[in-house]
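A.B. asks: Sequence:
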Amino acid sequence: MNGYRCPLARLQPTRPDVEQIKRDGWRKEKILVVSLDDSRLDGFQREFVRQIGDLLYGGKHK
270 MNGYRCPLAR LQPTRPDVEQ IKRDGWRKEK ILVVSLDDSR LDGFQREFVR QIGDLLYGGK
330 HK
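Letter by letter, the sequence shown follows residues 270 to 331 of the working numbering.
If you are wondering where the hints come from, they were derived from the structure by calculation, not from laboratory data. Note that CB positions come from ideal geometry on N, CA and C, so glycine has one too. Certain hints may be false.
To be verified - Computed list of lysine-lysine pairs in DSBU-like fashion (alpha-carbon distance at most 35 Å, straight line):
hint	residue 1	residue 2
1	K329	K291
2	K297	K329
3	K329	K299
What the hints assert, rightly or not - Cβ-Cβ distance ranges computed for the label pairs, FRET-style:
hint	residue 1	residue 2	range
4	W295	G328	52 to 58 Å
5	Y273	G327	17 to 23 Å
6	D307	L280	31 to 37 Å
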């Protein structure tokens, strides 16, 4: 490489840390964002989250 750095590089968007956004949302606003596919959940927790989601927002649309 010749050491050239494009002057527009600083304008490139950076990808946000999604997990940090989720943590901040929970800690500051008590908003929980969770995926049923999250490997940190066991079967009971996954089902519990699914039931809450269905209760608040309805089941899958056909």
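A.B. asks: Take the C-beta atom of Y273 and the C-beta atom of G327, compute their distance, and say whether it sits inside 17 to 23 Å.
C.D. replies: 55 Å, violated
A.B. asks: Should the hint that W295 and G328 are 52 to 58 Å apart at their CB atoms be regarded as holding?
C.D. replies: 25 Å, violated
A.B. asks: Please verify whether K329 and K291 have alpha carbons no more than 35 Å apart.
C.D. replies: 24 Å, holds
A.B. asks: Between the alpha carbons of K329 and K299, is the straight-line distance 35 Å or under?
C.D. replies: This hinted pair holds, its Cα atoms lying about 25 Å apart.
A.B. asks: Starting from the hint 31 to 37 Å, judge whether the C-beta atoms of D307 and L280 obey it.
C.D. replies: 34 Å, holds
A.B. asks: Does K329 sit within 35 Å of K297, going by the straight-line distance between their CA atoms?
C.D. replies: 30 Å, holds
The earlier numbered hints that this structure contradicts are 4, 5.
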